[in-house]
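In the order they appear, the protein sequences are chains R and A.
Quick note: our numbering has the first sequence finishing at residue 489, numbered continuously throughout.
Quick note: our numbering has the second sequence finishing at residue 101, numbered continuously throughout.
Some hints here could point you the wrong way.
Chain A side only, calculated, beta carbon under 10 Å to chain R, not exhaustive [as the list claims (entries may be wrong)]:
#1 Met-1
#2 Asn-2
#3 Gly-4
#4 Tyr-33
#5 Asn-55
#6 Thr-68
#7 Arg-89
#8 Val-93
#9 Leu-99
Listed next, with one range per pair, are the computed distances between beta-carbon atoms [stated by the list, open to error]:
#10 R/Ala-486 <-> A/Arg-88: 49 to 55 Å
#11 A/Val-24 <-> R/Asp-355: 29 to 35 Å
#12 A/Cys-17 <-> R/Asn-194: 25 to 31 Å
#13 A/Arg-52 <-> R/Asn-194: 19 to 25 Å
#14 R/Ser-404 <-> A/Phe-53: 44 to 50 Å
#15 A/Arg-52 <-> R/Leu-43: 31 to 37 Å
#16 A/Phe-53 <-> R/Asn-2: 29 to 35 Å
#17 R/Ser-404 <-> A/Phe-65: 43 to 49 Å
#18 R/Arg-95 <-> A/Arg-52: 50 to 56 Å
#19 A/Met-34 <-> R/Asn-2: 40 to 46 Å
#20 R/Tyr-460 <-> A/Arg-88: 40 to 46 Å
Hint data in this document are derived by calculation from the structure and do not stem from the laboratory.
For every residue, glycine included, the Cβ atom is placed at its ideal position computed from N, Cα and C.
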Amino acid sequence: MNASLIGFEIAVILLGLGLLMLDLWTPPERKRGLGLAAALSLLLVLVATFVVPMPQDATGFSGGYVFDPLALFFKRFFLVAAILVLVMQTEFADRIASGISEFYALVLFALAGMMFAASANNFVMLFVAIELITVTFYVLTSFQRGRQASLEAGVKYLILGALSSGFLVFGIALIYGTSGTMSFPEIAKGIEANHDLAHQGLFLLGIVFVMVALGFKIAAVPMQIWAPDVYQGAPAPITAFLAVGSKAAGVVLLLRVLLTAVPDLAGHSAKLLMTVSGITILYGSLCAIPQRNIKRLLGYSSIASAGFLLLGLSALSLNGISAILYYLGGYLFTVLAAFLVICIVMRYTATQDEDISVLAGLHQRSPLLATSLTLAMVSLAGVPPLAGFFGKFLLLKAVVESASNPDFHSAYYTLGAVGILGVVISLYYYFGVVKAIFWSKAPADLSPISLSLPARLSLYACIAGMLFLGLYPAPLLDLTDGVVKAVFK
Amino acid sequence: MNIGLEQYLIVSGLLFCFGLLGVVVRRNLLIMYMGLELMLNAANLALVAFSRFNNNLDGQLMVFFIITVAAAEVAVGLALIVALYRKRRSAHVEDLTTLKL
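Could you build the full structure based on these sequences and the hints that come with them?
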């Protein structure tokens, strides 16, 4: 047992508990500022991940927890996401009736769950991390108790989330029963020693059940049903955290299970991954077209993104995995910029229905907001020179490279074509949003929007991230290549 | 008759299917939630049986985690359903229609 390995998680949890304590001594009018204090403290933890020397590859807690470059990459990813989400929450604070400190603290607890997920190395850790994230999100999604949409979104997330947990635990039970162990590396060893295990019906069923549960987290077809409703109903900062944090946690767990526990099986299930990925991209892109609610639109766009992430996984190459990490890096800044803008605009808008039309004339109300949202949409659509373009380019490149595999020659080319088709369709609805900002008729409300300093800094950070990752991909690409090579030899 | 692993697994599989059926078929949120709990308990039974027949305790350890997490999930879940009931005076899924295209 090595408690120093989980130092960052402990820091985050203590911060959450400290925030709840601090709430008791803070006068109501200043409680809102606690979010900024928490964001600053998380910034310190983020700096600490660069400064504090950590082992390159260590396991602890009977092998259940692993600290390797992949874990570190995702821990930093989640920390950045949480910092921006906390800033977003302070912008959102006046729409929360009561319990604003809990609103902040729960995000910190979800963050701790995500950081544990990044390091999960056996099924017990995987289950506990996933549940810590999911149960926290049930509460966060329905935090606006007075708003019916929020409650409804919470209940829908609850029922479907609990359903996926049911599949997850039953899958774990079957895998444990057939392989006799919970640990990912041990399962891989078991398969190597006894090849029949990988073809045993119950074992395969277990893997499929676990995949279903992880598919729920990243919102891939056929477990994508919840995403649009929950994205629409949840408070905007929480939707952003769901879109970025919860999805990335699903991705890292998917990588760990598929590539550490059942590497051979991942190779055999290429066709399945390709099919799911293609359908997810098309479903997300096509269903997004008629949407008028901006958060719902981003919900469908998030489904399409899940398809793109699976694209990299189905390429079954190290380049594919590296592309997934790169895509997530760009996705973080892009999506958070979009939600930050939505969150601020809605604060200064009388109607609460979040229709795209409220964005009308945004460039006159606040040029920075309009620029951020435009860049975010252009980046999501995958237009150069922004981060989203490079992520999608790398993913498609990995797929085309894998087409040299004679078994799946045409399948990979078809998948690549589906990916490009998805990008083309997505241009239409993302530019619908841009059009609503700049070219809509007779905007009703042209009062200027003033931005607080933290919000402005966060927007600058997001814009810088999108531009930097689009124009200078080399640093992050070197990093992701290094991570992938170090972890999945 | 000698009760072996298979019998336990059959019962556990049946429980899982009944739970799933409850979630899919019933329209009352509380009943659906009971179905979900049944699915978790099916997994618990399978884990304990596997643990006994694999001769290691990892499975039973996992059961403790599942029970604890399920308790937390129920606490949050019932609170949510009650909050929704207060607002809508209904616990039926057909009434969850605010969020639609």
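Could you see if the CB distance from R/Ser-404 to A/Phe-53 stays within 44 to 50 Å? At 46 Å between Cβs, range holds.
Is the hint on A/Asn-55 kept, meaning its closest Cβ partner in chain R is under 10 Å away? holds (9 Å)
Using 10 Å as the Cβ threshold, decide whether A/Leu-99 counts as touching chain R. holds (4 Å)
Cβ separation of A/Cys-17 and R/Asn-194, checked against the hinted range 25 to 31 Å: holds (29 Å)
Closer than 10 Å between Cβ atoms is the bar; does A/Arg-89 clear it against chain R? Give me holds or violated. Interface hint status for A/Arg-89: violated (12 Å vs cutoff 10 Å).
Can you let me know if the beta-carbon spacing of A/Val-24 and R/Asp-355 is within 29 to 35 Å? holds (34 Å)
Outcome for the supplied range 31 to 37 Å, where the beta carbon pair is A/Arg-52 and R/Leu-43: Violated, at about 49 Å.
Check the following: the C-beta atoms of R/Ala-486 and A/Arg-88 are separated by a distance inside 49 to 55 Å. With Cβ atoms ~52 Å apart, the hint holds.
When the nearest CB of chain R is found for A/Asn-2, is that gap smaller than 10 Å? Violated, because the Cβ-Cβ distance from A/Asn-2 to chain R comes to roughly 19 Å (cut-off 10 Å).
Quick check on a hinted range of 19 to 25 Å for A/Arg-52 and R/Asn-194, using CB atoms only. holds (21 Å)
Can you tell me whether the CB distance of A/Met-34 to R/Asn-2 sits inside 40 to 46 Å? Given range 40 to 46 Å: holds, Cβ gap about 41 Å.
Under 10 Å, Cβ to Cβ, is where A/Tyr-33 needs to be relative to chain R, so tell me if that hint holds or is violated. holds (7 Å)
The structure shown violates the earlier hints numbered 1, 2, 3, 7 and 15.
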